[in-house]
Amino acid sequence: MQTTRRGFLKGVGAAGAVGILGAPAVVRAQARPGVPSDPVKIGVLAARAGITAPVGAAGLRGTEWWRDRVNASGGILGRRVELLVEEETNPKDTVERYRKLVLQEKVDVVVGGISTGVTLALGPAVEELDTPWLAWDGTTQKGVEETLLRPKWAFRSVDNEVEAIVGAILTAKYFKGIKTVIGLGNDYSYGHDCWQSYQAALKRYMPDVQFVQGLFTKLGTTDFTSHVATIQQSKADLLMCSFWSGDAPIVMKQAAAAGLFKSMKGVFTTAGGVHDALKKEFTPEGLLLGYNSMYFEDPKGSPLLKQFVREYQAKHKEYPAYESDHAYFCVESYKAAVEKAYAQSRQWPSKEQVVKALEGIEVESLSGKRAWREDHIMMCNFYQGITTHKNPYDFATIAPVEVVSTRQAMKPAGAKLFDWIAGWKI
Amino acid sequence: MSTLPGGAGRWVLAAALVAALLVPHVAPTYHVLLMLPFMAYGVILLGLNLLFGYTGLVSFGHALFVGLGAYAGAVLTGLLGVRHMELILLAAAAGAALVAAAVGALCVRYVKIYFGMLTLAFGMVFYTFLLKFYRFTGGDEGMPVLRPALLGWPLSAMPKTDYLAGPYYYYSLAVLVLAGVLMWRIVHSPFGLCLRTIRDNPLKAEALGIGVTRYRWWAFLISAVYAGVGGALLGPPTGNVDPTLAYWTHSGNIVFMTLLGGFAHFFGPLVGAFAFIYLQDWVMSVFPYWRLVFGAILAALVIAAPGGLMGLATRWTRGGARAEAGPR
Amino acid sequence: MVFGVQRIFNLACGSFYALGAYAGVSAVEWFLRAGGPPGLFVVPLIVAGVAAGALGLVVERGLLRFVYDRDETFQLLLTFALVLMLEDLVRMTWGTAPRSTGGLYLSYGQVRILGATVPVYNLLVIAASVAIALGIGWLLTRTAFGRIIRATADNREMAEALGVDMRTVYAKVFTLGTALGTLGGALVIPATAAMSEMGIELIVEAFAVVVIGGLGSMRGAFVGALIVGVLRALAIAVYQELEMLLIYAIVIAVLVLRPRGLFGGSAA
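Going line by line, the protein sequences match chains Z, B and V.
Note that the first sequence ends on residue 425 in numbering that gives the first Met the number 0; no numbers are left out.
Note that the second sequence ends on residue 327 in numbering that gives the first Met the number 0; no numbers are left out.
Note that the third sequence ends on residue 267 in numbering that gives the first Met the number 0; no numbers are left out.
Chain Z extracted, bound-state conformation (with noise of 0.2 Å):
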């Protein structure tokens, strides 16, 4: 808690004050100067159906669980935190939802947003609102390049091509020998860009490997047996695959039906979404997997890490999955913005001082060390490895784990994404 001396000291007198004046007492954390005492309302956008469901829910429960921690400690400066859920469903729909948060619930500023489609729709209406608005996810190039080029309100998440790109560099370190690589994903923006982007990367590092087919399937595909059979028969060295929801375990299950990997090496960039729906039964060894920015085994992981984990595993029976730490870090960012700007002006902070505050924070997040660069991109570090069965559960888990950071595998500000890969250093 950032509490300086002089904030603590005023906190008291102006506590005193109170108790001379004989005011009713309302017990409360902190009374501070400049500060209102209603709570601070923060809106929040989470998917509850569908197939980001249950990403939708990881990140909500990291939402609450950090209200739940900064109330039960007095809150933000000393304001109780109230969060106000709408369902994230389709973008039309969610627009409405954003407004009525901003416009008739007056919350100081909203967290969340998942899928592609809303977070585009989302970003001009953010605009027009002046109300800050820190995504969980769903950036794509088309957002970042095109319609949404600096924008003042909203901060969005890490580029969705990031794990692809990461997956590529390590490609190259773990699977030296590989000729051709065959691609499947989502036939959407998040998997197409995804197999462009590890294209890209990965012809960096080794020139000579040929892509012979990049297969999609439609997001709620439960039957991947003909896509199957096609990569075994292409016999490809390796299946470069970046599906990140209920897919992901059920391709995993037929592929192992078939044999898959027994010849072929693979490349989750992104199942580590649905990490413990991966059972050992059907996932082998030797695989690469990415956690997206959190991996909640992580070995050099903080005691925050750790307790989150913890009492997440407790809670719900399942193991968190990353977007509780994109969910985490937006709260947590801004309340640390908020504080930063208090701490100059010793008011609660307007919603663009707490937007200028926003830009270049850097806070510490579950999976360690995040920030908002000064363009409102999210930067973080990224978790990827050897799959390994060597561990008390009864799904997968990596080790070694690689930590690629979002300095070296997301494009600086401003730039091109292709040209950026193009203009690597090897």
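It is possible that part of the hints are untrue.
[Stated by the list, open to error] In silico SDA-like links for lysine to any residue, alpha-carbon gap of 25 Å or less:
hint, chain 1, residue 1, chain 2, residue 2
1, Z, Lys217, B, Asn252
2, Z, Lys314, V, Leu31
3, Z, Lys264, Z, Phe210
4, Z, Lys217, B, Thr136
5, Z, Lys350, Z, Glu338
6, Z, Lys316, B, Tyr288
7, Z, Lys151, B, Tyr162
8, Z, Lys217, V, Glu204
9, Z, Lys350, Z, Ala335
10, Z, Lys202, Z, Leu416
11, Z, Lys339, Z, Glu358
12, Z, Lys151, B, Leu154
13, Z, Lys217, Z, Gln140
14, Z, Lys151, Z, Val362
15, Z, Lys316, V, Glu196
16, Z, Lys234, V, Ile112
17, Z, Lys415, B, Leu145
18, B, Lys111, V, Arg6
Simulated from the structure, these hints should not be mistaken for lab results.
Place chains B and V on chain Z using the hints.
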């Protein structure tokens, strides 16, 4: 042919119109913005009810035309640089008419279940097309819709929220009123009378020399044009159009709204759109399992009150009229 | 079957399939926790799949029977209401995370057929569906109940005039139809997973199968499913962009050229 609804209805209508005109001045901004989809759906449902209430055909694929109209706005403003709302509405209407001419020709040869299924299939074809051909349509991310100029005024200096809660609101209201007046004339014309005859007794209609299929085709066409225009109105407030606008559950919701308001009454669909939007807005914030509530409401409607809200109102005031027969 | 006898196109059949899937997962989990041998996991699976079909009776008695005398489209709308309600009920009971039986289905091993490795479980499912199809066929042709079903499908008024109790027939047919759906969901789940909104996704495919095969025909459903399945596999292997579009194109073609489908009864 009546030019206005009679008696008490006239006063209610006038009051509603006055209220609608005053809303941007008295209501909080959020509620003003909530009226925008209501007006868009109002137009869509006026068209759908021509097919449902007056001709007896229930389309489970009307979201196709809604999506078509919405994407017309995106294509015009985003790709072609055309920013005039009038041209967008025209393009939406024309596009819907073209597609409906072809689709309708196929669908109106069948009735009831088969009609519903065929329309559902076509709706999903369009959805799949929007999703798969992402190089043209943007796929799941959809396409942005830029702020259109209204009656020639670009109004680009205005903040978007003021634009939406002000000029765009009145523009949509005007479109809704015009659409309503036009539909009123249509249903009270000989054409409308023929449709009702066809709905009630197709064999007799045929015997009377009314080309059943042809009339149904026209009804389909007109309802599609309305859906397209309504869809075009939906685009600018969101600023983005995406394939879910054409998904079959969206078609289902549109039919739900019509049923909710009461398909047996001219103004039923408008009541239904209004009720649905406000109900959804309220329930979604309060209860995470709002789909359960809505499903239960729809089930209750179908079982106990198929005449919808208007049906309940007339039953109340007049003490019982046949609910399912459709408008007289 | 439900359409053939009751003339109801049940939009919620996908939701029943989903229900069977989730119920199957829970049953297997319970079975394993209670100490049952993993090799016998198909037993609780099948039991759950069939038991979940009991919901069909609840739905039929509690909701559907009120609308039998109404226009078909109202019935369709009621099944849409069911879709919405079941979606949330499933979510309330099982949550939003995908549920599966893990790698159990691999425990039966694999075989090599025609150069491809196929899990034995898959063969079991194929055998089961053939057995069920034959079973239904036997039910329809050799039992009194089956004769009644066919008679009612052909001519409802006549059947009623001959003394058939419509209420019981409808209740039984709908429950049977639901049970088939839930059983199907349960059987498939070990190879895949139960996910949120799977019912809504499935209805479109189910619809394609039934239209191509012919509404109301059991043989048609079987053949339709084969056609759709094979077409999809072919499309994926050859030109995957076309996968779903090809199926819709065929649905529309069938509806236009031969609305009865390959084996169906009368059209409009």
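Hints, one by one, checked against the model:
About 24 Å separates the Cα atoms of Lys217(Z) and Asn252(B), which keeps this hinted pair within 25 Å; it holds. A distance of roughly 22 Å separates the Cα atoms of Lys314(Z) and Leu31(V); the hinted pair therefore holds under the 25 Å criterion. About 14 Å separates the Cα atoms of Lys264(Z) and Phe210(Z), which keeps this hinted pair within 25 Å; it holds. Between Lys217(Z) and Thr136(B) the alpha-carbon distance is near 16 Å, which keeps this suggested pair within the 25 Å criterion.
For the hint pairing Lys350(Z) with Glu338(Z), the CA-to-CA distance comes to about 13 Å; that is within 25 Å, so the pair holds. For the hint linking Lys316(Z) to Tyr288(B), the alpha-carbon distance of about 22 Å falls within 25 Å, and the restraint holds. A distance of roughly 20 Å separates the Cα atoms of Lys151(Z) and Tyr162(B); the hinted pair therefore holds under the 25 Å criterion. As the CA atoms of Lys217(Z) and Glu204(V) are separated by approximately 13 Å, the hinted pair is consistent with the 25 Å bound.
The hinted pair formed by Lys350(Z) and Ala335(Z) meets the criterion: a straight-line CA distance of about 14 Å does not exceed 25 Å. Under the criterion of a C-alpha separation no larger than 25 Å, the hint pairing Lys202(Z) with Leu416(Z) is consistent with the structure, at around 15 Å. In summary, the hint linking Lys339(Z) to Glu358(Z) is supported, as the alpha carbons are separated by about 11 Å, within the 25 Å threshold. A C-alpha spacing of about 22 Å is found between Lys151(Z) and Leu154(B), which places the hinted pair at or below 25 Å, so the restraint holds.
With a CA separation close to 21 Å, the supplied pair Lys217(Z) and Gln140(Z) stays within the 25 Å bound. For the hint linking Lys151(Z) to Val362(Z), the alpha-carbon distance of about 21 Å falls within 25 Å, and the restraint holds. A threshold of 25 Å between alpha carbons decides the hint, and for Lys316(Z) with Glu196(V) the separation of about 22 Å falls inside it, so the pair holds. Restraint check: the Cα-Cα separation between Lys234(Z) and Ile112(V) comes to about 18 Å, which is no more than 25 Å; the hinted pair holds.
For the proposed pair Lys415(Z) and Leu145(B), the alpha carbon gap of about 24 Å is at most 25 Å, so the pair holds. The hinted pair formed by Lys111(B) and Arg6(V) meets the criterion: a straight-line CA distance of about 11 Å does not exceed 25 Å.
Comparing the model with each earlier hint shows no violations; every hint is respected.
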